[in-house]
Amino acid sequence: MIRVRFAPSPTGALHIGGARTWLYARNQGGKFILRIEDTDRERSTSEANQAIFHGLEWLGIDWDEGPNAGGDFGPYFQTQRLDIYKKHIEQLLSEGKAYYCFCTPFELKKKREEAAARKEAPRYDGKCRKLPEEEIKKLKDSGKPYVIRFLLPPVGETIVHDKIRGDVVFKNELLDDFVIMKSDGFPTYNFACVVDDHLMEITHVLRGDDHLSNTPRQILLYQAFGWKAPKFAHLPMILGNDKARLSKRHGATSVIDYSGIGYLPEAMLNYIARLGWASGDQEVFSREELIQKFSLKGVSKNAAIFGTDKLNWLNGKYIRKILPERLIDLCEPLLIEAYGNHDVEYIKKVVLAFHDRLVLIPEIVPLSKFFFVDDLSYDPTAMEKYFKNENSKKILKELKDKLGKLEPFTKANIEAVFKGLAKEQGRKLGEIIHPCRLALTGTLQSPPMYDVVEILGKDRVLQRLGKTLLIK
RNA sequence: GGCCCUAUCGUCUAGCGGUUAGGACGUAGCCCUCUCAAGGCUAAGACACGGGUUCGAUUCCCGUUAGGGCUACCA
-11 MIRVRFAPSP TGALHIGGAR TWLYARNQGG KFILRIEDTD RERSTSEANQ AIFHGLEWLG
49 IDWDEGPNAG GDFGPYFQTQ RLDIYKKHIE QLLSEGKAYY CFCTPFELKK KREEAAARKE
109 APRYDGKCRK LPEEEIKKLK DSGKPYVIRF LLPPVGETIV HDKIRGDVVF KNELLDDFVI
169 MKSDGFPTYN FACVVDDHLM EITHVLRGDD HLSNTPRQIL LYQAFGWKAP KFAHLPMILG
229 NDKARLSKRH GATSVIDYSG IGYLPEAMLN YIARLGWASG DQEVFSREEL IQKFSLKGVS
289 KNAAIFGTDK LNWLNGKYIR KILPERLIDL CEPLLIEAYG NHDVEYIKKV VLAFHDRLVL
349 IPEIVPLSKF FFVDDLSYDP TAMEKYFKNE NSKKILKELK DKLGKLEPFT KANIEAVFKG
409 LAKEQGRKLG EIIHPCRLAL TGTLQSPPMY DVVEILGKDR VLQRLGKTLL IK
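Residue -11 is where the first sequence starts when you use my numbering, and the numbers rise one by one after that.
FYI, nobody ran anything at the bench for these hints, they're computed from the structure.
Worth double-checking, as some hints may not be accurate.
[Said to hold, decoys possible] Restraint-style ranges between C-beta atoms, simulated for each label pair: (1) ARG415 / ILE459: 19 to 27 Å; (2) ASN329 / LYS390: 27 to 35 Å; (3) ASP129 / ARG31: 43 to 51 Å; (4) ILE147 / ALA104: 26 to 34 Å; (5) SER365 / ASN329: 19 to 27 Å; (6) LEU81 / PRO350: 13 to 21 Å; (7) LYS231 / GLU378: 53 to 61 Å; (8) ARG448 / GLY239: 37 to 45 Å; (9) GLY408 / GLU271: 42 to 50 Å; (10) GLU271 / HIS42: 25 to 33 Å; (11) ASN300 / ARG111: 52 to 60 Å; (12) HIS42 / LYS381: 38 to 46 Å.
This one's a predicted model, so the numbers in the text were calculated from it and none came from an experiment.
The beta-carbon is built from N, C-alpha and C at its ideal position, and this holds for glycine as well.
All chains, full assembly: derive it from the sequences and hints.
Here it is in structure tokens:
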């Protein structure tokens, strides 16, 4: 049984890579575990936590174990596992594989700067490595803050067997004695991650390749504990359009923000999956297909830029595909917010008129304005062309008369009126429809005219046509 | 600075020694059409550079360059 985890930290990052990890778990028929890495007390927020949960739920990513799901390996918040880390720290301490370090951040910073000035690697110099027992006790008793460092083997090399990148070799001598427990008593990422992955019996660690360089440190930790390391697969990172790491600067902060912008979760999932992964030439995948086809073999090695052009295209495709009821549910609140309460049936008809023309859900609001607001502002150049033209006026007058007598006011009958009028006057349909569209919508773009006329209804249509006839 | 990863159209990618280097988004044009979309067709557009290896390199190796990552008491 494969066990995969997604371990985001609630610090306001984007969290979209988790989708691929989930896809892998589901593809393999394994367990997907959600673990919250909230050991950074400065930056972790509960809002960010909620954003993670909501984002994943919105995308349809479910977890078998984790917050709100339970599981036999909890707790799934790292801040609730402090005694577990402590126990393991003590084990390393007693085995001489870790040590107390009383160097202050200020000292360390200074040393780093000095090393940089000498063009040397800014590594920890091991000052506290051999502190005598009494000295440690004295310093601890005096209340001096300390961290715990991992004493790493100074020679040899550590090989990461990466499922995507192959074997990557790191020389141990280039690593330094990194901190495993901070002075606030919280574990650092590299330590907590190893302890948890082992205790939670994680078999495959899938994560962004920004963690590749951390992996040798973690492997060394596995070795210090005498544990078997999981398999690693480092997925390509997802970058912003400036090739920098995705962050607040790039707009949406969290997956859930994309819901508000008007994306559909299925479009988002499809898009994320296709970033850094391909299955032949296929672009559009249902959720089931994604699960069925997602594999590490199709994952590429290079970082991908998250761009909205293709996402928008996919979103439009998915909108066209969804059920009318769902589209109505999505649009209705936006329309009511913008234009107040209206007859539900009317709103439904309006929404459906735009079903095939939306890329983002909220676009419905400006596009459908003329359906809700009677005081139209007419496109000036179009006005010049159609309203200042005697021919058009005559046509609109005729049209108004005929529509006024029309009963019942249905699309089929409306169409007959337009066509009849065109034939009668030996005109092209467009000569009638264009000025009519301007009169009814204020613009030259709208859903098909007969639909618009029918939905607006006789009263509004006559009133708007009448109004334009008065324009000089 | 050191170490690591990566490098095919603007973007996402296919390619796994011999291809007219394929698809998709975006862009442009045409068709369809009552407009706008959608849809269809067409066009422009890429193997970062330099060395090897090979009969033959986009593909394998080395270097350069570029981008990214790690080098934190962030994850």
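Given the range 13 to 21 Å, decide if the beta-carbon distance of LEU81 to PRO350 lies inside it. Since the Cβ atoms of LEU81 and PRO350 sit about 57 Å apart, the hinted range of 13 to 21 Å is violated.
HIS42 paired with LYS381, Cβ distance criterion 38 to 46 Å: 55 Å, violated
Evaluate the given range 27 to 35 Å for the C-beta pair formed by ASN329 and LYS390. 33 Å, holds
Quick one: are GLY408 and GLU271 within 42 to 50 Å, going by C-beta? 45 Å, holds
Supplied distance hint 19 to 27 Å, evaluated on CB atoms of SER365 and ASN329: 23 Å, holds
Is 25 to 33 Å right for how far apart the beta carbons of GLU271 and HIS42 are? 27 Å, holds
In this structure, is the beta-carbon distance linking ARG415 and ILE459 contained in 19 to 27 Å? 21 Å, holds
Within 26 to 34 Å or not, the Cβ separation of ILE147 and ALA104? Once the Cβ atoms are compared, 29 Å apart, the range 26 to 34 Å for ALA104 and ILE147 holds.
GLU378 and LYS231 - C-beta distance against the hinted 53 to 61 Å: 59 Å, holds
Does the hinted range 37 to 45 Å hold for ARG448 and GLY239 at CB? Taking Cβ atoms as reference, ARG448 and GLY239 lie about 39 Å apart, which means the hint holds.
So the hint says 52 to 60 Å: do the beta-carbon atoms of ASN300 and ARG111 match that? 47 Å, violated
Hint says 43 to 51 Å; check whether the CB-CB distance for ASP129 and ARG31 agrees. Since ASP129 and ARG31 have Cβ atoms about 32 Å apart, the given range 43 to 51 Å is violated.
In this structure, the earlier hints numbered 3, 6, 11, 12 are contradicted, and the remaining ones agree with it.
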